[in-house]
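For reference, the chains in residue letters:
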Amino acid sequence: MRKTLLAAGTALLLAAGPAMAQQKSIKIGFVSTFSGPVAVIGNDMRNSFELALDHMGRKIAGMPVEVIYEDDGFKPEVGKQKTQKLIESDKVDFISGYIWSNVLLASIKPVVDSKTFMVIANAGASQVAGELCSPYVFSTSWQNDQTPEAMGLYMNQKGVKSVFLIGPNYAAGRDMLAGVSHTFKGKVVGQELTTWPAQLDFSAELAKAKAANPDAIFVFYPGKAGVQFLAQYAQAGLKGKIPLYTAFTIDETSLPLQKDLALGVPGAQEWVNDLPNDANKKFVADYMKKYPGHRPSFYGAQSYDAANLIASAVTATKGNLTDKEALRKAFEKADFKSVRGNFKFGNNHIPIQNFYLQDVVKDAKGDYVLKTVATIVKDYQDASHSKCPMK
Amino acid sequence: MTLFIEQCLNGLQFGLLLFLLAAGLTLVFGIMDLVNLAHGSLYMIGAYFAATFAAWTDSFVLGAVLALLATLVVGMAVEVIAMRRLYGRDHLDHVLGTFGLILFFDEAVRLIWGPEGLSLPLPSWLNTAVTILPGMQYSAYRLSIIVVSLAVAVFLYVLVMRTRIGMLIRAGASNREMVGALGVNIKLLYTLVFGLGAALAGLAGLMQAPILTVQIGMGENILIVAFVITVIGGIGSVRGAFIAALLVGFVDTLGRSYLPDLLRLVLSPNAASTAAPALASMLIYLLMAIVLVVRPEGLFPASAK
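Residue numbers (this note's numbering), protein chains in the order written: chain A, 1 to 391; chain B, 392 to 696.
Careful: at least some of the hints might be erroneous.
[To be verified] Per the computed footprint, the stretches of chain A lying under chain B, defined by three or more beta-carbons under 8 Å from a beta-carbon of chain B, are: (1) 32-42; (2) 183-195; (3) 201-210; (4) 221-232.
[What the hints assert, rightly or not] Here are some, though not all, of the chain B residues that point toward chain A, as calculated from beta-carbon distances under 8 Å: (5) 507; (6) 530; (7) 604; (8) 612; (9) 647; (10) 664; (11) 669; (12) 681.
Because the hints were derived from the structure by calculation, they are not lab data.
All values derive from a computational prediction rather than experimental measurement.
Beta carbons: idealized from backbone N, C-alpha and C, even for Gly.
Model the full structure from these sequences, guided by the hints.
Below is the structure:
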């Protein structure tokens, strides 16, 4: 009897809890990789998210913001646990981050089930843009296919007739290689997928690419693997013989190690540090002021946008987080100054945006920097949006 | 055909590199009866030293030589400071103690060099491909790894089979108590052997650095493969480690390069290219399982006790 009473009392307290507590602060959970060799990416995302909060005076709609950063350790199962912890025990209002498509795919169900709004700052698993799309999930990055599709278009412009594809064997790697094949008009003479993330020696794959003798090689290797791939590509004597085209292989987190190896290797990207809009100029300048010796990467730019997207939605609903429908409509407007230039959301909540060609150059100080060379494609929408049942 | 030769060279290079790592591991295990999980940390230390010294001296070769000496010194220091406390204890204590060393080294590297990792750029004469057969080019750097590793293998053979120290090492592997009873300074021998093992691991690490970059925890994955090799080759046997390392190198590289094509014969192209990398990375463990079933002591057991 006493037990039942106690249980009933606890239940009452729990039920009364949310109603009694006024919304006094905004809690955001941020899942990324903060340990191991790819921690540089997670740190860049956290730095940029923090900078965005600084720019807002660390308040959204008059309420202080609290961010809980969680490390996924580069592992889907850990990412899922951390996501569940953020939702169930921290009771966050929003959840953001996610570098890796496989971590995102493992983590998305508890987010959608709990109707927590999620703003993905990088991972672009094609399923999340298509059949798994949700009213509660938004992205400030892209769907995986989009960037390599843009690269395929650029290779057509360059008159490339045949290509060999190399990438890692996980959700994003498979999406990326499929993406190039969507738009590339020439022949795909071969495709190699490598064990991810354990395999770091690409000698067997490079030998096969060389033997196939294509006009070009396309690769997708994010993080440290991109450094290793470029080094081995040069060591195999392929630099200057078979040109390399990339997506997400060269960025500000890998350039300090790639250096000369990255010169003259083109990449496609939706954001480059020198895009001439005011929001971007402020972001890049303040980032370099706040974190001396570091430059923001596209991972950071997307995280900065994620913070601003959340702020725009909360401000539009005047801080009322209980009306999910109004909040969703506010999110869909994307009414904020994106550092890539303003964009629209498609029906699947993936940006419809421009893709640029970027190249590596040495600046006046001898640092290696990325710069925009051309716009490959404007207002580009991903192919998965037709598979998403949302209107 | 040239592709097959090139893949064989890739396998040979990978195998020889693994041999350097496994030789040190098997020596330490065979002679001191010590399970050293921190062997991968010495591999990492060698790579970090090489990247640092090469940047200071502006010379890849000089940096590599200095790094080799520095790793030898670190190895001997680790033996004197930490490993001595572990001899004669249970294997579980070894695992616990050397696992602690892994954490220590990882954190020490993070404090000294930072979390970002380093790169070790190659001089231009190594960063190209050379023609080794008519119509066939191969990476000059990978070729130089093959040459250096083979030279080290010959050096180890002479050292172990033809010198007095080698005789003591072999005797130590068969019966440690008897060697000690005969008045050999076992303490010094152990320090030397551990230092030698560390230097071999450091050499493997610094040679791998230009290919795989230098980062915290780089030794942990490859250490598992090195353990597989010591098990296949027979614990304590340098010759066994050599043969097993080459076997593993070939199986892994040729598996990765030909399995996708083989699977395509029976599976759809998409399923084949997804399944092949997963299967290929299992092959060496399959090899180990088969060897364990057929010859549980490994291919070349060092001592018939």
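How the hints compare with the structure:
1. Against chain B, the segment 32-42 of chain A contributes 4 residues with a C-beta closer than 8 Å to a partner C-beta. That satisfies the three-residue criterion, and the hint holds.
2. For the segment 183-195 of chain A, the proposed coverage by chain B is satisfied: 5 residues have a C-beta within less than 8 Å of a C-beta in that chain, meeting the threshold of three.
3. Requiring three or more residues with a Cβ within less than 8 Å of a Cβ of chain B, the coverage given for the segment 201-210 of chain A holds, as 7 such residues are present.
4. Under a criterion of three residues with beta carbons nearer than 8 Å to beta carbons of chain B, the stated coverage of the segment 221-232 of chain A is upheld, 5 such residues being counted.
5. Nearest Cβ of chain A to the Cβ of residue 507 of chain B: about 6 Å, under the 8 Å cut. The hint holds.
6. Interface restraint check for residue 530 of chain B: the shortest CB-CB distance to chain A comes to about 4 Å, inside 8 Å, so the restraint holds.
7. Taking 8 Å as the C-beta cut-off, the interface hint given for residue 604 of chain B holds, the closest approach to chain A being about 5 Å.
8. Using the Cβ-Cβ criterion of 8 Å, the hint placing residue 612 of chain B at the interface with chain A is satisfied: the shortest such distance is roughly 6 Å.
9. Interface hint at residue 647 of chain B: satisfied, since its Cβ lies 5 Å from the closest Cβ of chain A, which is below the 8 Å cut-off.
10. Given the 8 Å rule on beta carbons, the hint for residue 664 of chain B holds: about 5 Å separates it from the nearest Cβ of chain A.
11. Hint status for residue 669 of chain B: holds, given a least beta-carbon distance of 7 Å to chain A, under 8 Å.
12. Against a cut-off of 8 Å between C-beta atoms, the interface hint on residue 681 of chain B is violated, since the closest Cβ of chain A lies about 21 Å away.
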